[in-house]
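For the protein sequence lines, the chains are A and B, in the order given. Note that our numbering numbers the first sequence so that position 4 is 4, with each residue one more than the last. Note that our numbering numbers the second sequence so that position 193 is 193, with each residue one more than the last.
A hint or two may mislead.
On the chain B side, residues computed to face chain A include the following (Cβ under 10 angstroms) [stated by the list, open to error]:
#1 Phe39
#2 Arg214
#3 Ser215
#4 Pro227
Derived DSS-like pairs: lysine-lysine, alpha-carbon spacing no greater than 27 angstroms straight-line [to be verified]:
#5 Lys61(B) to Lys252(A)
#6 Lys89(A) to Lys289(B)
#7 Lys289(B) to Lys23(B)
#8 Lys187(B) to Lys289(B)
Pulled a few chain B residues facing chain A out of the computed Cβ check, cut under 7 angstroms [claimed, not checked]:
#9 Gly19
#10 Lys23
#11 Gly34
#12 Asp41
#13 Pro67
#14 Ile69
#15 Glu71
#16 Gly226
#17 Tyr294
Calculated from the structure, these hints are not laboratory results. We put the beta carbon where it would ideally sit given N, CA and C, even for glycine.
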Amino acid sequence: MATQEQCQVLDHKQVGPRYFKLTLKSHYISTNGEPGQFVNVRVDNGTEPLLRRPISLHRINKEHQTFELLYEVVGEGTTLLTKATIGSKVDVLGPLGSGFKLDPAKKIAILVGGGMGIAPLAALAEKLKTLGGRAVYALAGARDKSCLVCEDELASLANQSVVATDDGSQGRKGYVSDLLIDLLNNTVTQIHYPETAIYACGPKGMLKAVAEIAGQKKIACQLSLEEKMACGIGACLGCSVMTINGYKTVCKDGPVFDAKEISW
Amino acid sequence: MQRRPGLRREGDIVVELAGLKLKNPVLVASGTFGYGKEFADYLDLNKLGGLITKSVSLKAKEGNPPPRIVETPSGMINSIGLQNEGLEAFIKNAIPFLAKLEIPVIVNIAGDTIEEYAELAKQLGKEKTVKGLEVNISCPNVKKGGMAFGIDPTATKEVISAVRKATTLPIIAKLSPNVTDITLTAKAAENAGANAISLINTVVGMAIDIETRRSRIGRPTGGLSGPAIRPIAVRMVYEASKAVKIPVIGIGGIMTGSDAIEFFIAGASAVEVGTANFVDTAAPLRILKEINDYLAKHEIGDHHELIGTFKE
Chain A
1 MATQEQCQVL DHKQVGPRYF KLTLKSHYIS TNGEPGQFVN VRVDNGTEPL
51 LRRPISLHRI NKEHQTFELL YEVVGEGTTL LTKATIGSKV DVLGPLGSGF
101 KLDPAKKIAI LVGGGMGIAP LAALAEKLKT LGGRAVYALA GARDKSCLVC
151 EDELASLANQ SVVATDDGSQ GRKGYVSDLL IDLLNNTVTQ IHYPETAIYA
201 CGPKGMLKAV AEIAGQKKIA CQLSLEEKMA CGIGACLGCS VMTINGYKTV
251 CKDGPVFDAK EISW
Chain B
1 MQRRPGLRRE GDIVVELAGL KLKNPVLVAS GTFGYGKEFA DYLDLNKLGG
51 LITKSVSLKA KEGNPPPRIV ETPSGMINSI GLQNEGLEAF IKNAIPFLAK
101 LEIPVIVNIA GDTIEEYAEL AKQLGKEKTV KGLEVNISCP NVKKGGMAFG
151 IDPTATKEVI SAVRKATTLP IIAKLSPNVT DITLTAKAAE NAGANAISLI
201 NTVVGMAIDI ETRRSRIGRP TGGLSGPAIR PIAVRMVYEA SKAVKIPVIG
251 IGGIMTGSDA IEFFIAGASA VEVGTANFVD TAAPLRILKE INDYLAKHEI
301 GDHHELIGTF KE
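From just these sequences and the hints, can you work out the full model?
Listed below in structure tokens is the structure:
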């Protein structure tokens with residue numbers, strides 16, 4: 001179940017060169033939203049741009065009945081969204097899609113975020129922390145230092161966290177998938193694999209690399225996918241991705257899929 | 001009887017359309033509303049004038065490769081490719097939900113061949129829930145069938161005649177805008193026994209990524225919808241409604257009540273709301289309210305008084 005609601009803007013601030021954090025009030029979305037789910041945001045009431053913008057839930061605060069969206073300004077839609085002022089209302093449809101599934105038998109969680117893919121992992125890390133009894137490792141990757149966002153936030157929620165950048169301007173030089181290989185060779189070793197789950201979100205190439213590593217080592221792995229979207233509720237079939245069971249919608253069947261399901 | 005303005009109640013407008021009695025002239029367009037269930041959380045489906053399902057084909061269709069959608073100025077291009085589970089699965093999975101609705105359910109059918117259209121009509125005629133058929137002869141996103149039947153008046157006549165022979169259900173022919181003269185296919189559909197025509201389906205369009213020089217969707221071309229195509233749709237409704245005696249249903253970028261009124265004046269007896277459903281889940285009922293507000297404001301008793309009243 002989801003709702004289309006005018007949510008009040010409680011806070012809206014720039015948190016990086018192209019990154020913004022939007023805090024919205026909604027009893028329904030904060031109560032029902034789960035990590036990995038998203039909302040479809042109408043950035044303007046006109047017809048330009050026409051479609052809503054899907055943005056993942058970055059933080060969910062049930063107590064204060066709020067949720068946060070962390071987004072990157074990439075085009076005219078997100079540029080318009082930056083103009084939402086504190087106290088104004090934003091038309092939000094959500095919470096949508098199928099989020100991360102938590103298996104109590106998996107005592108070790110490895111969170112892998114590439115670029116903006118880090119955004120939904122904060123909500124997941126927070127939930128894992130609340131549940132307790134798990135070791136949470138957070139791996140964050142970005143092109144360069146300026147593209148790293150909320151890695152501190154993720155670090156504070158995880159037991160251990162590591163950062164990599166493609167150019168080495170912060171953390172280790174390399175890809176986030178290299179960090180995963182390191183972790184699986186040195187820290188979370190083979191004996192732990194059966195009780196480990198990997199949760200990844202980021203660009204397609206990164207997700208594919210993570211899926212391959214998880215597949216080779218037979219570690220449970222869930223991926224959050226992204227695709228151009230219209231309705232967000234499984235009606236238009238515009239955001240379909242190919243799986244071993246045929247086309248599935250990112251908006252309703254996903255955005256989180258079992259890595260084994262995806263046909264690359 | 002002339003109704004007095006100000007006494008208008010919700011659902012007051014009754015539309016006789018192709019032998020169907022609709023409680024208002026706002027329907028939802030095929031392909032933008034799933035099989036109804038997808039929107040049940042967001043609006044009271046029983047307040048719609050009617051529900052037109054996503055296209056059903058005889059056999060399951062996998063659909064087109066992604067990306068299937070690209071946003072364009074005041075519109076979007078889609079290349080879904082009629083993805084659906086096929087007739088048998090539709091009857092098993094979608095009909096039970098649709099059977100509970102109190103409004104007319106019209107099933108949109110799409111075939112690769114004339115025989116498939118006829119078979120779909122025959123099979124769906126046996127379903128009590130199905131109150132009418134909208135014949136999709138205008139989808140631009142499939143290799144076989146689809147638009148091929150809707151751009152040639154002879155082919156239009158053949159398909160609609162075959163469907164007419166196969167069922168006693170009301171038939172709405174959904175026409176393609178990708179023609180030079182819409183009156184030819186409109187008349188062909190009428191002569192073949194269609195009870196109404198609906199138009200327009202999407203306009204063939206293209207969007208190119210200038211870095212890769214590839215299409216921004218999975219195929220070179222797709223179907224453009226949304227407010228961007230509304231002026232084309234209004235013009236074609238105007239032309240077609242003058243050419244035929246059967247009712248015309250207007251479709252094309254309707255986002256507000258004012259947009260719908262424009263279609264009525266051009267000659268439409270009813271409208272279908274399409275792409276707006278992706279933007280605002282309550283769009284059809286908001287549009288209905290806005291139509292009623294306009295009628296009340298202008299002291300017009302019924303939207304029928306507007307139909308085809310365009311002043312040359």
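Going down the list of hints, with the structure as the test:
The beta carbon of Phe39(B) comes within 7 angstroms of a beta carbon in chain A, closer than 10 angstroms, and the hint placing it at the interface holds. About 14 angstroms separates the beta-carbon of Arg214(B) from the nearest beta-carbon of chain A, more than 10 angstroms, and the hint is not met. Because the beta carbon of Ser215(B) sits about 13 angstroms from the nearest beta carbon in chain A, more than 10 angstroms, this interface hint is broken. Given hint, Pro227(B) at the interface with chain A, holds; its Cβ is 5 angstroms from that chain's nearest Cβ, closer than 10 angstroms.
Distance restraint check for Lys61(B) and Lys252(A): the Cα-Cα separation of roughly 19 angstroms lies within the 27 angstroms cut-off, and the hinted pair is therefore satisfied. Annotation: proposed proximity of Lys89(A) to Lys289(B) holds, straight-line Cα distance about 23 angstroms (limit 27 angstroms). In summary, the hint linking Lys289(B) to Lys23(B) is supported, as the alpha carbons are separated by about 13 angstroms, within the 27 angstroms threshold. The suggested pairing of Lys187(B) with Lys289(B) is violated, with an alpha-carbon distance near 33 angstroms, which exceeds 27 angstroms.
A cut of 7 angstroms between beta carbons decides the hint on Gly19(B): the least distance to chain A is about 28 angstroms, and the hint is violated. At its closest, the beta carbon of Lys23(B) sits 23 angstroms from a beta carbon of chain A; the interface hint therefore is violated under the 7 angstroms criterion. The interface hint given for Gly34(B) is met, as the beta carbon of that residue sits about 4 angstroms from the closest beta carbon of chain A, less than 7 angstroms. Given the 7 angstroms rule on beta carbons, the hint for Asp41(B) holds: about 6 angstroms separates it from the nearest Cβ of chain A.
Here the hint on Pro67(B) is kept, as its CB sits about 5 angstroms from the closest CB of chain A, short of 7 angstroms. About 4 angstroms separates the beta-carbon of Ile69(B) from the nearest beta-carbon of chain A, less than 7 angstroms, and the hint is met. Using the Cβ-Cβ criterion of 7 angstroms, the hint placing Glu71(B) at the interface with chain A is satisfied: the shortest such distance is roughly 5 angstroms. A least Cβ separation of about 5 angstroms between Gly226(B) and chain A falls short of the 7 angstroms threshold, and the interface hint therefore holds.
Because the closest C-beta pair between Tyr294(B) and chain A is about 19 angstroms apart, greater than 7 angstroms, the hint is violated.
The structure fails hints 2, 3, 8, 9, 10 and 17 (numbered hints given earlier, in ascending order).
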